[in-house]
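> Order-wise, the sequence lines are chains S and B.
Heads up: the first sequence begins at 1 in the working numbering, then just goes up one per residue.
Heads up: the second sequence begins at 1001 in the working numbering, then just goes up one per residue.
Everything labelled a hint here was simulated from the structure, so no lab data went into it.
Because the structure is a prediction, the values reported are computed rather than measured.
Possibly wrong hints are sitting among the right ones.
Some chain S residues close to chain B (C-beta under 8 Å, calculated; not the full set) [claimed, not checked]:
| no. | residue |
| --- | --- |
| 1 | 14 |
| 2 | 98 |
| 3 | 226 |
| 4 | 232 |
| 5 | 314 |
| 6 | 316 |
Straight-line distance between alpha carbons at most 30 Å, and here's what the computed DSSO-like set of lysine-lysine pairs gives [what the hints assert, rightly or not]:
| no. | chain 1 | residue 1 | chain 2 | residue 2 |
| --- | --- | --- | --- | --- |
| 7 | B | 1103 | S | 3 |
| 8 | S | 117 | S | 346 |
| 9 | B | 1122 | S | 16 |
| 10 | S | 11 | B | 1103 |
| 11 | B | 1103 | S | 321 |
| 12 | B | 1122 | S | 11 |
| 13 | B | 1103 | S | 346 |
C-beta: ideal position from N, C-alpha, C; glycine also.
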Amino acid sequence: MKKTAFYNIHKSLGGKLVEFAGFEMPVQYEGIIAEHKAVRESAGIFDVSHMGEVEVRGKDAFDFVQRITTNDVSKLEKGDVQYSAMCLKDGGIVDDLLVYNFGGHYMLVINASNIDKDIKWMEENLSGDVTLKNISDETSLLAVQGKNSINILQKLTDIDLSQMEYYKFAEGKIAGQDAVISHTGYTGEKICFEIYSSSDVEKSEALWNAIMEAGKEYNLKPAGLGARDTLRLEYAFRLYGNDMDESNNTIEAGLGWITKTDKGDFNGKEAILKAKENPERKLVGFVVEDRMPARHGQEVFSGDEKIGIVTSGSLSPMLNKNIGMAYIKKGFNKTGTPVEISVRDKRIKATITKTPFLQ
Amino acid sequence: MNFPAALKYSKDHEWVKLDGDVCTIGVTDYAQGELGDIIYLDITADTGSEVNAGEVIGSIEAVKTVSEVYSPVSGKIIEFNSGINDNPSLVNTDPYDAGWLIKIQPSNMDELNNLLSSDDYKALIGA
């Protein structure tokens, strides 16, 4: 199993390590709910170095990224980050990703579980003067999220973070190390940063320790993948492999807003245009009217009719309610529709709800 | 982690305390730590029903995972901790007392001898 550069730190902090996408990663330290609340109330730090990073260079790099992704890369200026997706010809989602425009080249940030698949797929779609470089193994990625993340990180960098808008990034130094810092995250917090740096163990540990030290006065807490999952669900951020995969297109996954069918040709466009006219099902949010949580894979019913399937489900620590997302057949997906979810030997009641769950 | 010597333990990570002719049953400190934050207890066996040792009597839901609850002994279910779902984190914070799950009147006291001592249980989990 692979380890990130922070492995020894996770162990020394008593993190509970589990296998995730081939990596040994901390699912929690103190507890998911405590870590979740720390992020919402102050700040948390996550090791997300398992994520993949791919550099795209060459004079046709723009054409390539524009063709393999659904969002409009022509709108992406130097220093901008864009959320996007890559689709098969039939519209099925290969992965969701972030695209960073460095001026001369792009960086694509992809899901850990999809690194090998994505790179193979990108290589199959290469044309013109484009070179790909998988820099995943040489890159550490820390996410520092929550309202005090700016106060913590500003102590360690000359980059003026207060001037960095949401979904912008800068290159510079943090705690003396070369890094890319972006105003991005997967928690729903408006003040949130992600830091790409060298995966050298000594350097990575020094960076973690510097951030923890700077975060002491704000009670910065290490947070694991468990809290990352409950945090993202409160904002209905999609998780690849749970809420979408190659059997879903971006329209039914609710990612129409990153699918720019007017930008010219791109992979999956024809299929997506068709899906847009008549989507068979939609990914929607629901709130369970019961203390029992719904889980991925459980079936959704309206009376005796099976109308969908749960893709994500958990307790929302902030709402203290069980929330989730599900693909629901057209006709049953309107906000306020009562549904039932099959959990083991019983049915629990739920209501289709607007997302995000937290505002 | 704490494993009181006065209790008996099952390989399914439950503890059993015998008071007179009633066994109180819960999950061990180790089990609650592995499960993480517990959010719901779903006992599917009915109060008054007879269960066999090893039988599934319900599920315990944590934020990230769900685990089955087994009856460590045969007997009649006489009570379950109905207040636990108002504060399920008691299973995490007080697993041997306020976080108990179920009470069973055992039908075969000999079965209690099949359970593990605190030391045997510690050896099982490598504590």
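> It remains to establish, for every hint, whether it holds in the given structure.
Here's how the hints hold up against the structure:
A least Cβ separation of about 10 Å between residue 14 (chain S) and chain B goes past the 8 Å threshold, and the interface hint is therefore violated. For residue 98 (chain S), the interface hint is violated, the least distance from its beta-carbon to any beta-carbon of chain B being 25 Å, above 8 Å. With a cut of 8 Å, the hint placing residue 226 (chain S) at the interface with chain B holds, because the nearest CB-to-CB distance is about 5 Å. Annotation: residue 232 (chain S) was flagged as interfacial toward chain B, and the flag is violated, the nearest CB pair being 13 Å apart, outside 8 Å.
A hinted interface residue such as residue 314 (chain S) counts as satisfied when its beta carbon comes closer than 8 Å to some beta carbon of chain B; here the least separation is about 6 Å, so the hint holds. Interface hint at residue 316 (chain S): violated, since its Cβ lies 10 Å from the closest Cβ of chain B, which is beyond the 8 Å cut-off. Distance check on the hinted pair: residue 1103 (chain B) and residue 3 (chain S) sit about 44 Å apart at the alpha-carbon level, beyond 30 Å; violated. Of the supplied pair hints, the one linking residue 117 (chain S) and residue 346 (chain S) is violated, its CA atoms being roughly 38 Å apart against a limit of 30 Å.
Distance check on the hinted pair: residue 1122 (chain B) and residue 16 (chain S) sit about 19 Å apart at the alpha-carbon level, within 30 Å; holds. Using a Cα cut-off of 30 Å, the hinted pair residue 11 (chain S) and residue 1103 (chain B) is violated, with the two alpha carbons roughly 38 Å apart. This hinted pair checks out: residue 1103 (chain B) and residue 321 (chain S) have alpha carbons roughly 28 Å apart, not beyond 30 Å. Between residue 1122 (chain B) and residue 11 (chain S) the alpha-carbon distance is near 21 Å, which keeps this suggested pair within the 30 Å criterion.
Pair hint residue 1103 (chain B) plus residue 346 (chain S) holds up; C-alpha atoms about 23 Å apart against a cutoff of 30 Å.
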